[in-house]
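Participant: Sequence:
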Amino acid sequence: MTTHHIHSARFSWRDLGRAAIRESFRKLDPRVQWRNPVMFVVYIGAILVTAIGIADLLHGRWSEAGFVWAVDFWLWLTVLFANFSEALAEGQGKAQAASLRQARHEVTAKKLREARHDAGWEEVAGASLQPGDYVLVEAGDTIPSDGEAVEGVASVDESAITGESAPVIREGGGDRSAVTGGTRVLSDWLVVRITSSPGETFLDRMIRMVEGAARRKTPNEIALAVLLVLLTIVFLVVTVTLYPFSYYSVHFANHSGTVISTTVLVALLVCLIPTTIGALLPAIGIAGIMRLLQANVVAKSGRAIEAAGDADVLFLDKTGTITFGNRQASAFYPAPGVTDQELASAARLSSLTDDTPEGKSIVLLAEQKYPSARESVGEDAKWIAFSAETRMSGVDASGKELRKGAPDAVKAWVLEKGGQWPAEIDQIVQKVAQSGATPLVVALDGRGLGVVELKDIVKPGIKERFAELRKMGIRTVMVTGDNPLTAGAIAAEAGVDDYLAEAKPETKLARIREYHQEGHMVAMTGDGTNDAPALAQADVAVCMASGTQAAREAANMVDLDSDPTKLLEIVRIGKQLLMTRGSLTTFSIANDVAKYFAIIPAAFVGTYPQVAALNIMDLSSPESAILSAVIFNAVVIPFLIPLALKGVAYRAVSAQALLRRNLLIYGLGGLIAPFIGIKLIDILLSLL
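For the sequence shown, counting from 1, position 344 maps to 734 in the numbering used here; every step adds exactly one.
Each statement offered as a hint is correct.
Derived BS3-like pairs (lysine-lysine); straight-line CA-CA distance at most 30 Å:
| id | residue 1 | residue 2 |
| --- | --- | --- |
| 1 | 845 | 759 |
| 2 | 849 | 894 |
| 3 | 484 | 690 |
| 4 | 801 | 790 |
| 5 | 845 | 894 |
| 6 | 790 | 807 |
| 7 | 790 | 772 |
| 8 | 750 | 894 |
| 9 | 849 | 750 |
In short, the hints are calculated from the structure, not lab data.
Taking the hints into account, I'd like the entire structure generated from these sequences.
Facilitator: This is how it looks when you write it as structure tokens:
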């Protein structure tokens, strides 16, 4: 399936960069800076060093002022680079939001006096509609707000939201009843019951989400932020206490050195605290939301994305996810004493009002094989619609009752009617199910007539994808309404770890609760009202955009492409977010460890000349060493911005292998990079 970007938002990186630079200076506002405690310490340090530089100039200390202003310049650049990384990530969201706003405009609505299309209506402002109001939308009208179609059927253009140019069908009742404000009716009409308050429509929530206004820090992000704050406090306390030691050594312990300066202490503090991850952490979270949007999935919270990365159990619908979902009738298997034509005719009658692909294929196969079996029913016919509870459909006409559905459901119905159930039907059902096909049983007046075989095809490559998930420690569970034999055959062919057959809403809900009690994080997809309880229970709940309003409200993500396989992509994006955060945290901490060897000997060589032996980098002078460390601490941030926005390369490996890779690449790399970078900067400063 081709992925269409939300509203086809297009933006220039050059324009985004310019806007981000301007925003970086606006973010120097203290009210903005204090939200990031680590960078706020750098911000305060830069202000303090600026004050020291001004004092040196006023008192004529020109030689000291040059070094102070050089350090101060790079401290301010460190703050600006951190602001730039966040502003660049936010800029993508604002560009997306600006594109989405083009789809939102004030419209008038035809508010109905009653919930009927032929009732009178009055024209009102779309913004005045409240939940529970009914509106009529006809060809050419824009749907004024989110709602649920209760009557009619229409072709709707949803390209303003999804970017998909092909229109979709929305109809009253069923699983295709949800409509979105800002979309346009192309043909026919719908009666829509409004479900959203003004300012709370799906489009409004999307805009707030991509702008970042609705972004809340996730539990893992908060925990990491607390850890960074604690590390910063520890280094702050250590740095502050270093001054008395230096002062005592020079003035009372008969040392001939010099007291460490405040500028050097600030530089030392900034180099030791985790500024790299502190600067990039906000951008990583925003970029995760943007990557999800690029996959045409809207998350209602950042917590949902993070949960996707932690999910270790995936509930996957068989139809449309594991199989192509276009089950077609392929054969009729009559019971003893029943002719092929009799079974085909009964199957056709029971499917005349079945608009599903399966139902239409039964009618088509029966008419192709037996052209004379085109029996009709009288006007007194009462059609029995399929439901998730009964798992049967059919018709009552001319004193006869005809049913078609799941074998166990039809068998229970026949026995309840006092009829006989031939053992041969069970054998046929078992044979069809073992082949991986789906058996449907047809019964008339408490008598089993035979079995209809429905065949579906497992998607190529799906088994390999499940194998990758297994390597990552993720358990896959196939959910299907098929009987256990059919479910087991398809599960074996697809390579899933477990399956849930004859699934009803309550069985799905119960199974998810079982996994929660065992400590698992569960992700699932759904689109129907009967999926809503399970979606509400799941940690990651993805609803199709074509789903019902109940399913959309229960889910914490909406897939605008209505692609059930998107769950696998969502899990990948969630894990990539966690991997990116973990990798850059590892790099940042390792980075700080390496910087100790550059700045600590340089900082204290004036007080304790003996520490010059620790200058293993052979840096040219204490001033050059300190300035080189500060410069490296600043420039490493913009170098890592692309990685923070794009995310680290995703690989389907186990947690142990991922940890080893993290430590090797980002841990060892974080240790080596400062040695090389600081030495090169020192050489360049010496040349200058």
